[in-house]
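Chains as they are written, first to last, in numbering that gives the first Met the number 0: chain A, 0 to 133; chain B, 0 to 133; chain C, 0 to 133; chain D, 0 to 133.
Rather than coming from a laboratory, the hints here were simulated on the basis of the structure.
Be careful, since some hints might not be right.
Pairs involving identical chains hold if they fit within one copy or between any two copies, as the list cannot separate such chains.
Computed list of lysine-lysine pairs in BS3-like fashion (alpha-carbon distance at most 30 Å, straight line) [said to hold, decoys possible]:
| id | residue 1 | residue 2 |
| --- | --- | --- |
| 1 | K87 | K103 |
| 2 | K2 | K61 |
| 3 | K103 | K9 |
| 4 | K87 | K67 |
| 5 | K79 | K9 |
| 6 | K49 | K103 |
| 7 | K132 | K79 |
| 8 | K132 | K87 |
| 9 | K2 | K79 |
| 10 | K103 | K67 |
| 11 | K67 | K55 |
| 12 | K87 | K49 |
| 13 | K79 | K49 |
| 14 | K132 | K9 |
| 15 | K61 | K49 |
| 16 | K55 | K132 |
| 17 | K61 | K132 |
| 18 | K103 | K55 |
| 19 | K67 | K49 |
| 20 | K132 | K2 |
There are 4 protein chains.
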Amino acid sequence: MHKNYHHSFKFLVRDYECDYQGVVNNAVYQNYLEHARNELFRSLGINFAKMHAQGKDVVITKVELNYKYPLRSCDEFVVKTRVTQQGKIRFVFEQDIFRLPDEKIILNATVTLVWLQSGRPALPAEFAAAFAKL
Amino acid sequence: MHKNYHHSFKFLVRDYECDYQGVVNNAVYQNYLEHARNELFRSLGINFAKMHAQGKDVVITKVELNYKYPLRSCDEFVVKTRVTQQGKIRFVFEQDIFRLPDEKIILNATVTLVWLQSGRPALPAEFAAAFAKL
Amino acid sequence: MHKNYHHSFKFLVRDYECDYQGVVNNAVYQNYLEHARNELFRSLGINFAKMHAQGKDVVITKVELNYKYPLRSCDEFVVKTRVTQQGKIRFVFEQDIFRLPDEKIILNATVTLVWLQSGRPALPAEFAAAFAKL
Amino acid sequence: MHKNYHHSFKFLVRDYECDYQGVVNNAVYQNYLEHARNELFRSLGINFAKMHAQGKDVVITKVELNYKYPLRSCDEFVVKTRVTQQGKIRFVFEQDIFRLPDEKIILNATVTLVWLQSGRPALPAEFAAAFAKL
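Here chain A stands alone, though its shape is the one from the complex (with noise of 0.2 Å):
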């Protein structure tokens, strides 16, 4: 479960992140996800926003989630993720969320992305390089 991990970046539950069963709704782990994802190619000087501006766009092709145990609010938590690239434009995330401090497993997901240039398969040479940095 401990993988070896790229990235590790901590979150704290916002009230309105919530529902009403008092726990945190299943649609927000996958902003949780995608910002964590951002955090970690943003350490790396990538900024998907100014990539989309430039006809580079990465698109989500598959979501695995695996719910182990709600978070709830004020809970503070940890995304860890692991990246592996599959094929040329192909990159996999692994991504385990942690509560904290007792570090309790919360959810396991597996998030699968390609990269298009203006609509076409094409890896940007920018993520290629901060990708070679992990």
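Place chains B, C and D on chain A using the hints.
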């Protein structure tokens, strides 16, 4: 309270819009109001997202929300909208939310927006034409 | 791909659901799927929020999302749902999203959930009765 | 504009908070303001979700938002908050958002809320004690 509205649009509260208090989160009402404004102008042939792609943007400058009573899971409600022009590029939307079927008042809102073209104040001709049809 | 669905529910993409790429944000599809499940069971007399207030909770354990093509502002689409029981408390929802009117496939999803009563595995009688009506 | 604030809390814009215009969606600012209020009172030992479980609820009655300039992907910003009591159960939060590091004003807000206990107007003693510490 019952103004001479230009448009009515019905919604149903979705569970994920409710927060840990079991009521619709305060921020979500702005989503409802925005969607009702979009539906009003969609019915007049205006698509804000397509206009954005042409450099024509609606920019909200002021929002006033008076919360009267909360909506809950599965409540049906209607957003009623009246819009008036103030000067060349400014439009004021009076938007009221009523629960259905009892018409209990839920929220009174006033939303002010201006039009920009390529970042400068200017009223797009197609919006002016649509507004004139009201 | 066209399964023997139990339920169909139509939606319209709302502008606030689209992100900086101009397409529906990946997490928002889970909101659509959740609402479609709620509508399916609402049509059978089940209100999940009311059941929560009685200590009866649906807990999602696994979500698989295969993104085929993005939805954009003002797209109309349908969520089609097929649900099967696996064991005593586990239900698997196969949910597919098709754009309208061209029926282009947008997303294939599989959502697994279990029932808890007061935190322990147990199938509420009213849900069993509703499911039997499918 | 620079008031005698009681509290400051820093945020980073997350990509999923931006809409098709490439800027933070107007409704999302209410999420930021809510979370900043929660952080202010969390620093004083108050957890609104736990108080809700005891029948003690904050209810927002009025929100005024003056949007000055938009936030974009990856912008850092601070929410500064000043809170005053009006009568027995009413509190008014003046909340301003400044972009960092240039301190450009983004939004001025005034949020009014009241306290209910079991649905009736009443100020919880623990909140009164926390407020007295400001």
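Intra- versus inter-copy proximity for K2 and K132 (alpha-carbon distance at most 30 Å): The answer is within: 18 Å in one copy meets 30 Å, while 45 Å across copies does not.
Regarding K79 and K9, is the shortest C-alpha distance of 30 Å or less found within a copy, between copies, in both, or in neither? Classified as both: same-chain Cα gap 9 Å, cross-chain 22 Å, threshold 30 Å.
Within a copy, between copies, both or neither: which one fits K61 and K49 at a CA-CA cutoff of 30 Å? both (23 Å within a copy, 28 Å between copies)
Alpha-carbon proximity context of K61 and K132, limit 30 Å: Within. Shortest intra-copy distance 25 Å satisfies the 30 Å Cα cut-off; inter-copy 33 Å does not.
Given identical chains, is K103 near K67, meaning Cα to Cα at most 30 Å, within a copy, between copies, both, or neither? within (9 Å within a copy, 33 Å between copies)
State whether the alpha carbon distance between K79 and K49 is at most 30 Å within one copy, between copies, both, or neither. Result: close both inside a copy and across copies, 24 Å intra and 28 Å inter.
Check K132 against K87 for me: Cα-Cα at most 30 Å, and say if that holds within a copy, between copies, both or neither. within (17 Å within a copy, 49 Å between copies)
What label fits K49 with K103 when the C-alpha limit is 30 Å: within, between, both, or neither? between (36 Å within a copy, 21 Å between copies)
Within a copy, between copies, both or neither: which one fits K2 and K61 at a CA-CA cutoff of 30 Å? Both. Shortest intra-copy (21 Å) and inter-copy (20 Å) distances satisfy the 30 Å Cα cut-off.
Checking K132 and K9: alpha-carbon separation at most 30 Å within a copy, between copies, both or neither? both (22 Å within a copy, 29 Å between copies)
Pop the pair K67 and K49 into one bin, within, between, both or neither, using alpha-carbon distances up to 30 Å. between (35 Å within a copy, 23 Å between copies)
Is it within, between, both or neither when you check K55 against K132 at 30 Å Cα-Cα? Cα proximity of K55 and K132: one copy only (20 Å, versus 40 Å across).
Consistency with the previously given hints is maintained throughout, with no hint failing.
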